[in-house]
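Listed below, chain by chain, are the residues.
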Amino acid sequence: MLEARTAPSRATLVAVPAIAVALTLLCGFLLFTAIGSPPEKVAYAFFVQPFASVGAIGEVLLKTGPLLLVAQGLAIGYRADIWNIGAEGQLIVGAICASVLAIAFETSTSPFLLPAMILAGAAGGAAWAGIAALLRVRFGASEILTTFMLSSVALQLLYFLVTGPLKDPMGFNFPQSVMFGDAALFAPLIPGTRANTSLLMGLAATLVAWVFMARTTAGFRLMVGGLAPAAARYAGFSQTRAIWIGLLAGGACAGLAGVGEVAGPLGMLQRTLSPGYGFAAIIVAFLGGLNPIGIVFAALVMAVIYVGGDYAVVSAGVPNASATILQGFLLVFYLAASLLFTHRIRWRKAAVAEGSAP
Amino acid sequence: MTATLVFILSGMLAAATPMLFAALGESVAERSGVLNLSVEGMMATGAAFAFAVATLSGSHTLGFLAGGTAAALLSLVFAALVLVFHANQVAAGLAIGVLGLGVSAFAGNRFEGAAIAKPPSLDIPGLSDLPVVGPILFSHDAMVYLGILLVPVVALVFTRTKLGLSIRAVGENPEAARAIGTPVLGIRLGCVLFGGFMAGLGGAHLSIAYTALWAEGLVAGRGWIAVALVVFGSWLPFRIALGAYVFGAISLMELSVQGLGLAIPSQLLSASPYIVTILVLAAISRDQTRLRLTRPLSLGKPFRGQA
Amino acid sequence: MSLIRNLLSGALALAIATGAGIAAGAAEEKLKIGFVYPSPVGDVGWAHELDEGRKKIVEAYGDKVEAVTAENIPEGPDAARIMNQMIADGAKMLMIGSFGYMNDGLKLAKQHPEVAFIHASGYKLAPNFGNFQTRNYESAYIGGIAAGSLTKSKVLGVVAAYPIPEVVGIINAFTLGAQKVAPDVTVKVVWLNSWFDPNKSQESARSLVAQNADVLFSLYQDTPEVVTLAEELGVYVLNTSSDMAKYAPKKYLMGMTIDWGPHFVAEVGKVLDGKFEGTAYWGGMKDGAVGVGSLTADVPAPAKALIDEAVAAMKAGTFHPLTGPVLDQDGAEKLAAGAVIADGDLLGINWLVKGVETRIPQ
Chain A
1 MLEARTAPSR ATLVAVPAIA VALTLLCGFL LFTAIGSPPE KVAYAFFVQP FASVGAIGEV
61 LLKTGPLLLV AQGLAIGYRA DIWNIGAEGQ LIVGAICASV LAIAFETSTS PFLLPAMILA
121 GAAGGAAWAG IAALLRVRFG ASEILTTFML SSVALQLLYF LVTGPLKDPM GFNFPQSVMF
181 GDAALFAPLI PGTRANTSLL MGLAATLVAW VFMARTTAGF RLMVGGLAPA AARYAGFSQT
241 RAIWIGLLAG GACAGLAGVG EVAGPLGMLQ RTLSPGYGFA AIIVAFLGGL NPIGIVFAAL
301 VMAVIYVGGD YAVVSAGVPN ASATILQGFL LVFYLAASLL FTHRIRWRKA AVAEGSAP
Chain B
1 MTATLVFILS GMLAAATPML FAALGESVAE RSGVLNLSVE GMMATGAAFA FAVATLSGSH
61 TLGFLAGGTA AALLSLVFAA LVLVFHANQV AAGLAIGVLG LGVSAFAGNR FEGAAIAKPP
121 SLDIPGLSDL PVVGPILFSH DAMVYLGILL VPVVALVFTR TKLGLSIRAV GENPEAARAI
181 GTPVLGIRLG CVLFGGFMAG LGGAHLSIAY TALWAEGLVA GRGWIAVALV VFGSWLPFRI
241 ALGAYVFGAI SLMELSVQGL GLAIPSQLLS ASPYIVTILV LAAISRDQTR LRLTRPLSLG
301 KPFRGQA
Chain C
1 MSLIRNLLSG ALALAIATGA GIAAGAAEEK LKIGFVYPSP VGDVGWAHEL DEGRKKIVEA
61 YGDKVEAVTA ENIPEGPDAA RIMNQMIADG AKMLMIGSFG YMNDGLKLAK QHPEVAFIHA
121 SGYKLAPNFG NFQTRNYESA YIGGIAAGSL TKSKVLGVVA AYPIPEVVGI INAFTLGAQK
181 VAPDVTVKVV WLNSWFDPNK SQESARSLVA QNADVLFSLY QDTPEVVTLA EELGVYVLNT
241 SSDMAKYAPK KYLMGMTIDW GPHFVAEVGK VLDGKFEGTA YWGGMKDGAV GVGSLTADVP
301 APAKALIDEA VAAMKAGTFH PLTGPVLDQD GAEKLAAGAV IADGDLLGIN WLVKGVETRI
361 PQ
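Chains as they are written, first to last, in this note's numbering: chain A, 1 to 358; chain B, 1 to 307; chain C, 1 to 362.
Fair warning: there could be bad hints in the mix.
[To be verified] In silico EDC-like cross-links for lysine to aspartate or glutamate, where the CA-CA straight-line distance does not exceed 20 Å:
hint : chain 1 : residue 1 : chain 2 : residue 2
1    : B       : Lys162    : B       : Glu175
2    : A       : Lys41     : C       : Asp89
3    : B       : Lys301    : A       : Asp81
4    : C       : Lys30     : C       : Asp63
5    : B       : Lys118    : C       : Glu66
6    : C       : Lys110    : A       : Asp182
7    : C       : Lys124    : A       : Asp168
8    : A       : Lys41     : C       : Asp43
If you are wondering where the hints come from, they were derived from the structure by calculation, not from laboratory data.
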């Protein structure tokens, strides 16, 4: 039997994700057995291989970076009840803005090129999210709908640019830009791996988000605004400000993640820019309980699923969609188990009678 | 030029049908107050299962039913999350969407590249052979007509029946609806399942009738367009249908424009449905009194009547 | 930072613990070859033909080789991880089957000089990184003759992927072949800007038929939807990569078939002998890499004679479809009478011949 909790329980902070992971594993096991992939090989690919070499760890960190960055930005808005679901588009616009600089100064060796790209990317992502903020503030248009539609527009903008103005003139009409110069690329974080210093942006965002939420009044008000708009108004905090902060922070972080991709593993602007980081980061934000520290763990778990999924494709022969389906399971089970945050299970009938009187 | 126009007008009905089914279903769920963002995943699941069953059984009807049912089952999980577990609707929608894409890839894997006969077009002797009008109006498969037929049906249910009234009441103010004895959760469950079934039918039309093949990525954003359509049509069936046909026509224009040698970037046309929807949304949202007439006020908010 | 360090040290310990097992597994003497395909293998299409090449390798070398495959791998940063993992698993040769794998593949090739790479349809080379393409323009020329001999409307429609040189060359050869039997023919093209978009390619095909095309050419579409649609609409159809006759029993013009077998088998042989070197392979009819499949019996006798003659000449290496006089779309002379286009020019070709109505998007 379920009953409402009177006070939040610390144990659930660990129990809920643990239940979600356990149920996901169970479903994954059944699924891979059903399609005839050897479960022990799949398990090896998901649990051991992502940690089995420095290169593999580099790959996990490479994936963690953008997920962490985008999720931290989104969570700021989500805590204030601002639903930005278009981080994918903001990531793309950030990547485009940074790429414009890298392409314009293709031969530059200036140490200021990369910082300029970072600023341009953050500004681009924030501006794209800012459109949604403006529409919400001025016209009351739901940001849930506008952010995702702007995402689709951003994708078409990218397609237009890589087949047109930003196409490599010597690239035989293939839809991609020139390769960026070294000054436009992040330095490797661990030698010999693809993990690069863009991960530091994710860690910085984590720190900022944590300080912002836990230590500043603005962060507190933002959170109260999400939980109880009336109380926030009473405390003199405007909803308008929450909308702007929530969306711009999310957009800027997503834009930075876009810079991390083009100036990191891609090294150029191309059609396939992000394997859906903008959407996966929403899952990360929720799995992390919208908590800056929780999000770090959630981003790592998701990165391991991505990387493990690719390994499982090679060594266990599972379909490429395995990682997708596991991510879906994970969030579904997490959302279901989240009920334990607000409710607890009573095993005996008598206990229910005891505890139900409010 | 005439030929191109006939092509766009005749192709439009078929191109719009998957989105029309999904959008009509989503509009019903939304009017009961539930925002289900998993349309893309549900359509993909519907498309994969429909194609698999139609290929194995040889029956288009069974295929369509399987597609609708598979997606409805997926929407049942969604309904459980948001109605029973009080999960956030945005998060639950995205979770089910991702799950649906994964499920479709697994289910359809064996059927990549399989060939299937399209359902026959319901030609009406005499009418179908008419020039211009024949191909535009009288040479489509049954699902295209069923889609058109459903538009007034859904509209009538909302304006003329007690059920429609209840759905609207639940969408606008669930607490008040519950106070007068309306089963809020039951109605929302029904609407979500209907939305899932319709999204599945839309996906099924895509794989069985429109392209006659299954491939991962077949839905290619149509589910998201369907969500946009609901907004574009401001939750009203006739406007949604109009939007679906306009969007369908735009997607075909994109290709004809190239053949005609006009220099309009195809990406601008691809993006236009979204740009137009954003403008429409801004316009209808600004006028709060008019918006109140159609937009379900409790959209996206959980109902905790029992907690 | 300390988080990273902790993670690292923990993982390193694991790596040491499991390393022994991995090394033992790799001790066998088989040559492990990794195949990366951009789309599902399926029944027909690009990835299917690459996989047929893999089967021929296994047939030829049996126990000496072991093949691992990964299908439907998008062109993006994740492809590099798949390739890397194959190498970590002991692959000493990689066949990477899409243009978009080029830069990542090349980076890996530099890091792993002991691994041989062969890459589909790119243009970059390294000592251990070769590329391979087929002279599909040869079979396109044959397709053009067949199409020209059967079109009544004198309009041919092409559904094409990207305006890259390979595709442009194929459209040119197709048009020149058609003009050989129908000088007044017009060719219309829809650029899809995608290797894979079944709905769009089918809609494009419909739009071309609406613009009076009575022969359709499905150029680098991985799936058979244009072919099935052509049968439904009653127009002739030809396509690249595979023989897709079974999808259009009545209206199938021909398939521009590819056989990677001979090249793959030869390259694996070089790796086994320790003599692999990254080269650019461009196989044509002469090499048995390009062929004509299921040519329709509807082609009238005079055209059929022309086809047989052209096939024989290309097999003998005495005829090139892009032989002057050739004018471009604006009527400027690109090849003087009797001049044959140089391979280097064809690899970077960026102009369409007179008779093609659609422009290359700039």
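A quick look at each hint next to the structure:
no., hint, verdict
1, B:Lys162 <-> B:Glu175, "holds (18 Å)"
2, A:Lys41 <-> C:Asp89, "holds (13 Å)"
3, B:Lys301 <-> A:Asp81, "holds (11 Å)"
4, C:Lys30 <-> C:Asp63, "holds (7 Å)"
5, B:Lys118 <-> C:Glu66, "violated (41 Å)"
6, C:Lys110 <-> A:Asp182, "holds (17 Å)"
7, C:Lys124 <-> A:Asp168, "holds (15 Å)"
8, A:Lys41 <-> C:Asp43, "violated (28 Å)"
Checked against the numbered hints listed earlier, the structure breaks hints 5 and 8; every other hint is satisfied.
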